[in-house]
Each structure stands twice: as C-alpha cells, then as structure tokens.
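Going down the list, the sequences are from chains A and B.
Numbering of the first sequence is given in our numbering, commencing with residue 1 and proceeding in unit increments.
Numbering of the second sequence is given in our numbering, commencing with residue 10001 and proceeding in unit increments.
Where hints are given, some of them may not hold.
Unchecked claim - Computed cross-link-like contacts, DSS-like style, restricted to lysine-lysine with a CA-CA straight-line distance of at most 30 Å:
id : chain 1 : residue 1 : chain 2 : residue 2
1  : B       : 10112     : A       : 894
2  : A       : 841       : B       : 10129
3  : A       : 957       : B       : 10112
4  : A       : 985       : B       : 10179
5  : B       : 10065     : A       : 999
6  : A       : 986       : B       : 10112
Read the hints as simulated data drawn from the structure, not as lab findings.
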Amino acid sequence: MAKAPPPEPIDHHYDIKRLTKVFAITSILVLPVFAWMTWQDYGRDWKAWQKKFVENDRRRTRAALRTAAEKIDPEAEEKYLEQRREGARELRHNRSAVSEAEDEAKKTEGAWYEADQDFRFKKAEMDTARYDFETRQKESPKSAGAASARKDYERLKASYEASTIVEQAARARWDEAKASLAALQKTKKDAEEALAKLDADYDRFQAKLGTLRQSDAFYFVRNAPIADMLAPSLKIQQVQLDGLYNDVNFLRSQRVDRCVTCHLAAETRGFEDREKYPQSVLRTHPRLDLFVDSNSPHPYATFGCTSCHGGRDRATDFTRAGHMPNDYGRYEHLAAQLEEGHDDKGLPTDDDEVKEAMDETQTGRWIKDYEWEVDKYNDLPMYPMKAVEAGCFRCHRSDASHPKAAKLDQGRKLVEQLGCWSCHKMKGLEDLPRVGPNLTRVASKTTPEWTERWLVNPRAFRNNTKMPRFFYLENFEGESGHRLTDTMIAGVTAYLFEKSGKASWPAVGVGDAMRGKLLFENVGCQGCHISEVGAERHVMDGWRQHGPNLIGLSQKVTPEWLGAWLKNPKGYNSETRMPNLRLSDGEIADLVAYLMSRPAQPEFARSRAPKADEKERDALVTDYLTQTKSVVEAKADVARMSPREKDLFVGEKIIGHYGCYSCHAIPGFENAKPIGVELSEWGNKPVHLLDFGFVHVPHTRADWLAQKAGQPRSYDREKVKTFQEKLRMPQFSLSSAEIEAVQTAILGMQKEDMADTLKVKAAGARGAIQAGRRIVKDFNCQGCHILEDKGGQIREAMTASKIDLALAPPVIRGEGAKVQSDWLFAFLNAPRSGQIRPWLKVRMPTFEFNPDQLNGLTSYFAALDKARYPFENRVETLDPRSRAVGAKTFDALKCAQCHPTSQDAFALALRAGKTPADLAPILAAAHTRLRYEWIADWIKRPEEWMPGTRMPTNFPKMDEGPGKPGRRISPLAPALDAPAFAGLKKDLVGIWGSEAEAKAYIGDPDRVTKALRDHVWSLGNEFLTAPQAPKAPNKTKAPAVVAAN
Amino acid sequence: MTLSGPVPKLAARPVNADVAICGKADRPSPSLVLAKDKGLANAVVWLEGAKGGALPKGPFSLDQKSCLFTPYVQVVSKGAPVVVRNSDAVLHNVHATTVAAAQIFNRAIPIKGQTFTETFSEPGVVRLKCDVHTWMTAWLFVADTPYAAVTDAEGRFSFPGVPPGTYRLKTWHELFGEKSQPVTVPASGAAKADVTLSLLDASN
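All chains, full assembly: derive it from the sequences and hints.
Next comes the structure, spelled out in structure tokens:
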C-alpha cells in the first residue's frame, strides 16, 4: 500500500528525490578520488625515505643489540657495575682526601696566621727598640743607656729576622697545602664527571632498548593509510629558523626548514658507511663536528640545512627542494651534441655513446631515479656539491680566510690576489692592499718599449703573472681589431710615461753574481719569490709566488733602480708590501748582479712592439670627442691635435675604459671609480638578468659564471657591438680548478638577511684572530714561517738549494703563550738579526708595520693561544732555593752545551769550533722575550710544543701501557746517587736540609722544570730584586727555628 | 754482499764540539765500510715471508761511547726493549726519526752512565742522530721476522733454521736503499745468496 510522503514542514524549491540522486552519484565519484588522494599522500617520496631510514636504524640497533647480547651483554653490565663501584669508591676516597686536604689547608693557614702575627709584633718591637736606640744614641752616644738600647735593638732584630723565616716557611706550607687541595679537588671533579658519563651511557643504552621493544605492529598501524592522520611516527619534520629569512620580493618570511623529513639520518651517528648506505639521503652528515649536531657550531635547530646549502626551505619534493647536480653543464653539453649530431669541433658523434655518457652523469642518474628537472621557478637552488662551500661565505664574509673550507679559501685567495675586488666592489673585500704595482714613477723603473710589449701579452714575459691580458682577445679579432689594439697600447704607454714622476737612482757597485745567488738562497727572498722561466701560476697555496717571478729583469729594469728598490722598497713605492731586508751596499751589489743575470722567457724577446695606427687613432679620438661635442667640432679638434697629443688622449681614455687604475696607482686617476659591476650580492642575482649571448651554456648562475671567468669576452660572440659596448673583462687564464674555486667564492656572495645575533662575531678573540690572519695573508708570513700549521714554503727552496732545514725560519707555534706581547710588538716593529738565533742567515725583514698592524699581530698571536694580552705582571722576585736548584740542575743536565747563556758565551763557542747551526737559542734574552710560565712548560715537554724540535726531552713520559696518558718523570732523582753527582747531591742536600727532600724535589718534573726556568730567567736579568743565591747553612737552620718556636 | 763498480769517496766528518771528550780528529764516514774483497759491511738483510722461529726478545743495547753510537747498524725486534746508554761525560741526545724524517722520539741523556729504554712498534729503518754532535749517526732496523741480520765486516750474513720455500731476500743499506731478490731454500742443505750492489743503480 502506497503511502504518501509526509508533507514538508516548509515550502522549498528543490526536489528531494533528485537531490538524493545527485548526492549518491557525487559520493560514488568522490570515493575513488578520496582513495586516490589517500594513496597519493601515503605514497609521498619523503615517506619512502623515512621508512628506509627507520628500517636501517632498526636493523643497525638490532644488530648492535644482538652483538651486545651475544658477546658482552652480561659482562658489559657487570663491567659497568664494577666500574661504577670502583668510581664511587674512588670518589669516596677522594672526598675524604679532599676533606683532609681542606683541614690541612685550614691548619696551615692558622699556623701561618700565627707566624705572621708573631712576625708583625716582632717587627713592631724591633722598630720601637730601634727608635729608642736612635734617640738615646743622639742624646748621648756613649752612655750605658745607649749601649743597652743597642743591645736590645740587636736582640730584637735577630728575633725579627728569625720570625721572617718562620713566616716564610709557614706561608710556603700553606701555599703547598692549597695547591694540593686544588689538585685533589680537580681529581674529585674528574671522578664525578667520569661517573656521570658512565651513567649517561648506560641510560642511553637502556632507553634504546626500550624503543626497540615497542611492537612492530603498533608502528605499522599508526603509519597505515588514513590511520596516519592521528599520530603517525612518519611525518614531516620541520624546524623554524629564528632570525633567518626568505626574501619573497618586498617581504621577508621566516625560514622553515624541512630537509630532515627525508634526510633523517643526517643528524644520527652510525650511518657514515658509504657502501652500506649508498644514497646520501640515508647517510649521516659527513661533518657532524661542524654542522647539524647540537654540539657543533652550526646546530640544525638554529641553522637548518638550507641556510648553508641553499635551496627551498619548505619543499619536501626532490626537484622542488632545489637539488642541483654537479655536472648539469656537461649533461646539457652532451644533450646539444645529441641534437646536433656532432661535437664542438664539428666531428660526427655516435648517438648511443652520447646517450650512455648522459646516463652516466649525475644529472642523468637523477633524472632516471628521481625525475629531476631544473626548477625554473626557484631563484635560489642549492649549491652543487662542488661549490657547496659557497654557503659558508654568506655569513663568514668578514673572516680573513676559511681554514675549514678549502675550496672557498682558495677561491677567495684568487679573488683577492688576482684583484677581482679591485674592479668589482665586493663587500668585505674592500681596503685590501692594491694588487698591481704603483705606476706613478714608472718612467724611472722601466722603458716604454718594455711596457708596450708587456701589455700585448704579460704571460709572454712572465708565464705565471697575476696581471691579466686585456688586449688581443677574441672580441678584437681581425686586422682592424689588431690595429685598434696596437693604437690603444701605444696610447696607454705614452700616457703612463708622460705623467710619470721622474727620479734617478744612485749607481750600484760592481757585485758578484755567485755571491748574489748565495744571498738570494739564504737571506729569505725565496719565501715570496721564485726565479724560474716557464713556471706555472700557483695562487692557491703558492706562497712563493706572492711576489713576482724574478726572471728577465735585465730586459725590464735598470741595475740602479733595482739597487735602490732593494735598499728601500718603500722609497720607490710607499704602498708596497715588499719589506726591507736591511741589506748592505755590498750585498745589494751582489744581489743586483745575480738578479740581472737571471734568464728571460725567450718568447718575450721575439715579441714585437705594437705601433699606433693613425687612422684607428683618429677614429678613436673622434669617437670619444663626439660624446661631448658635435661631429664637426670633434673633427676640427682631431685635425688640430698633434700625434703625441692624440696618443695621450687615447691613453687617458683607454686607461679609464679598462679601469687600469683599480689595480695600479696612476696619476690623474686618483679618484676614479672602479668600472666593474658590484658583486657583493651576486649570488642572489636572478638568472634572467644574466646575458648569455649566443653561447651554449645551461642557464644557471654557476654555469654563466664559469664561462665568464674562463672566457671573459665570449658573450660578445656573434654580437654586433660598438667599441664602447664591447666587453672589457680581461683574460686571467684560469685553470679549471681555479675557475671552480672562484665560482665557489662568487656564488657565496649573498644578501646577509639574518638577525644580528646569527651574524659572525668580529669582536673579541675571534675578531683578533681574523684581523691577524688578514695581516698574515697580506704580508705572506707563511711564505717563510709555518704558522697555524701551514706554509713555510721557503723550506722547499732551501731543500732544493741543499741548505740545512735547521737554518730555516722558525716554526711559529704557540707563539702567544711563548713570548711576551711587548717583546713581540717591539720585535715586529724593528726586527734585529742575531739576537736569539745568530746562526740564521735568513733574516726577519722589516715590514714597517703601522701601530694598528703591530697591535693586530700581537693580539692575534695571544688570541690564538688564549694567552693574557696585552699586559702581565713581570716576575721580579724568584724563590732563592728554586733558583739555586735551577742553577745546579742546569749544569747537571748540561744545558749550556747547546744553549749559550750570553752573547759572549756564543762567541766563545764559535771560537771553540762549534758550528753555529748546532747551537740552540741564546738564553740571555729569555727573560725579556719569553713568558715566565711558558719556559718551565717548554722544558718539561718540548716535543709537544714543537714536534720534531731538536730540543731533547729530559722528562719523558712513563710508559704505562696502551691508552694511558703516562706521567712525566724526572730521571734526575735516581741519578743523584751516582758518584759523578756527589757534589751536586751535597749542594742540593745543603739547600734542602735532607736527602729525601732534595730527591723529592729533583724527582718532581714540575718543580724541577720551574727551578730550571727560574735559573734561565735570572740569566742576564738586571731587573731581579731577589737576593742572590742563598747561603745554604742559613736556610738549613730555618726549619730548626720553626721547631724551636 | 759485495759492492761492484766505482767506490765512492765519502768525506770525513769534522768534530766541532766537546773536543776535550770527543777528541779533535775528524771521524771517517761510517756510511761505507768495505772489506778487502769489497764485501759490504753494515747492510741489513732479511727474508720476507719466512714463517717460524721466534723473534729475539732482547734487550738490545745501544751505547754512546767516545762520541760514537755503537753498534752503527743493528737489527732489533719489534716491541723488544732497546737500552740506550751514555758512556761519555757529555750531554748526548738520541733523536730517532723514520727515514722520511718523521719524529719517533728525542731524548736527552746528559749523565755519564745514564740509560733509558725504548721499544719500537713499527717495523722498518730508524735513523738515529745526536743533534749535539752532528757527526754521530746510527741506524736501527726494527724487524718483525727472526730472519734478519746485519752483514759483518766481510759482508757476510746467514740465517740458520729457515723452513724450506721460496722467499724474497731483502737488503737495505743507507747508501743503496732497499733492494730485493728471490731466494729458494731447499728441503735439506743450505741456500746461498750473493747480493751485489752498485752505486750506479742506487735508489737514494
């Protein structure tokens, strides 16, 4: 029976039945969409990586657990408990020792206080008696009263003196008690820390065990499709980076880094093995000491990944994250070959071979494995791994060098030394020393003929020169291009010599080239200069190419100029970094003779001098004149000008056009601005703003840059440009390794958009180190010295010249802790030869540092070693006993066999036939040069301060089995019983009162090295206020007095 | 072991320190000691790959007497104690490095009659030098095989009790560097190996 539907409560305009149908159909349609969506979400790439990581992690921990359970588990636990018991026992023992020591300290302090009081009273009594005696003496010198007052005074004086000794002894005992208390407290603290670490390790192990025991079923349920919306363990991992931003055109948004969503292994140790975990996404970050780890300087929670690596911070998709392969350029190059069917030289290529080569590239593999493509919408993709150190530069721009980022460091060195910064402004690289020589007096140094031929091709004269080539490059090809080039060169030369200041140099005596050669090899020239025809350029790690390669000088300069230059480099060029080696006139004559005899590169002698072309010159002058004048006026001017005037005009314009004045000081261009584009934030430059011309390179910033650096004028190819429009960047002839390094440095020049708190601090010790490194770099200290474990390249040259490396410039290590800052300041300000190591032929040159540089260097050395700076107490009183023991030990150890104690002793040693090279530093200067504490430490462990030193170890470490650090021992105590040491033994017992005490003292490496130090400190030291070596009997009686009191 | 070809003339080493104890006379170079028939002394010879036999346990001794190291070349066992002694009344130091000049130790030994003991854990040649008296040099060969010896004054050497087999006979001398040649030890009887070195093919 059909029943009518109930009436609707209110009127409506839709049909329920139809609506129901629509709903039904829609839900049928939506269901698969929902299923598809769920599946898509479930199957996101990052989940696969997370799963793989979880699998790896479980497998690894299980394996560890199994081995632990199988092999050492019960044992390990037992061992842990045993260790813990032992630790606790030791701690208890320590605690009681500490409290005993505390008691002892209190007791000795009391005793001292008592002695001190007694001493004060005695002094007061003595003073009263003295006054009494003085007044009586004045009133009636011969009275009995005066005599008895004198007696009183003398009695009290003796008693006062005795109390002085008692007080000193008591204070010494108190000091000793305090020292032993401090030592015990440290042991106790160490024991506590060791125990805490033991507990922490054990707890961590237990916790890991707990996680693993979680059921697998639970893991799968919570990560199952749909159910995973509740509380999945697989989820997007993200970290908000406070103070780091994304630049979203006119807006800054905070960075939110999601990289570890896939790179879960990055922060976990244990996934380092490349063979076990071939995909880098499943591996531990290779430098947890520097990055990611929470204890590293760049913890993940603060910096994330993208602030260094680049790329899109919140992407969780391979391509969209901005991954960038190393060889995209090569891949594209191959792709072009495939399309065109031939290679660069036009030879036909085999398609299959090319395809195979493409598949073998990293790009090819990424395309296959991860469907990678260039993300056109990502302005800042990641740095390819070959340039990954670019990421450091963003924050570390103010650092002087980058010891932990080798490629960036090299790139930066190139940018600095080749003078890129001179034409292209780069923030952080301003105010460096000019890279080219000063040309304001060039006419007094060289000739126009040499200059013209040099300008044609600097490398023809000096293959390794840093001067780039400006002329005869690809965008000035052909007959007319060469004519124009010759005209420009003639003009530039004419201008330079016309404007040059004139000077004449005194004649140089007749020198001997052989003696000059010896001087060149010995005095230190080779720390900064080579003299080799055809040498390759090494800017990176090429300390010996800091200065020019000294070849062909006879073609370039006059002997008079060279002599004047060697005598006083700053006299010719006030801004030169060439130091003064304090050469005598005779030495200069010899050196000049040698240097002028050095060969030249043969191709330079064959090169031709360019000649200005009249037509081209007129055209060029007209071209420039019409910029400000009408054509008619310009032509009239040209007709009126003499050829010389035209040359000078062209020269001035061309110097301005190519910006020569950026590297060289040139008269008339004192205030000219550099011509290059500013590169301070080039790393952010949008790719579409780069002109790729008609050159086939992939459209990425890195590839554009590599092409530009390698072939600077290539973007002019096939272009129709006027003279003014043509590219001007010169050819630096960079090797491919150099290009990669430069690429890294320039790509790293990015906007510094971060909070101030995250910026690299340029103050304090860090700032001092950076400022010091800047000076060290500018003045090439590492050419001669091994400093911060780098450099000392002069040693290569010395080895080649068969010079004993014992005569090499000293290795600088621990200098801040070693020498007094004021000594260092004075030494760097005006080094003198022969003060410390008179046998060295190599000279520390006079650099004429300004006060800022001197302070910078001294604070740099102090900061490197965390030494006190700038002032410290001068030790002016020495413990007489320590000093006396020191003197005896100094003799016993025969220190003076190598170390002259004074300049006189040095002269004497030479007269006795010693070779200077066999001697050790003269000790008379020790107290003005070395830090007091350092001397004792050096004597104790020279091989740790300076590995390989000739100073032998007198206090060797005992061999206490593997893994144990080994205490140092003094072999002197047992030797004391030898008959040869009867005298020494007697002396020491005299000083110490008993044999046991003497042996304990001399057997303690700490005390005996301090005693030796006190002796060394006293050598030639007129500032000491302490009394001379004590009379033994007095001192031996001192303890007796204490006992009697 | 014999030397063929030209015999180099090596300069004597001047004594320029502590002449009171060390004497004034120049010391002849110890680097090349030849018997009448050009037998080469002070070369190290060892068998590579020979198994069996126990390493001599030592202790080995090295003396410094009249400002000379004695013996000039000796074989010591890896890990065995070497007792270094100073028999002079001057300070000597014993600066031990590898041939590549990597530091092993540098100990002062200032007192007459003083000794110290060192062990060497890395097999190979050790160069000893006294920096105080630069003419004083010596060599140790740290062996991890019992079949290692220094040639005597006639240039002879022998290894008793080598199990039969084919080995490489290795030699080292400070002027000639390391050389090697095969040698076969028969099941019974002795094997004889003659080594001829020449400066003309010296490797260092």
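How the hints compare with the structure:
no. : hint                 : result
1   : 10112(B) with 894(A) : 11 Å, holds
2   : 841(A) with 10129(B) : 24 Å, holds
3   : 957(A) with 10112(B) : 21 Å, holds
4   : 985(A) with 10179(B) : 53 Å, violated
5   : 10065(B) with 999(A) : 28 Å, holds
6   : 986(A) with 10112(B) : 18 Å, holds
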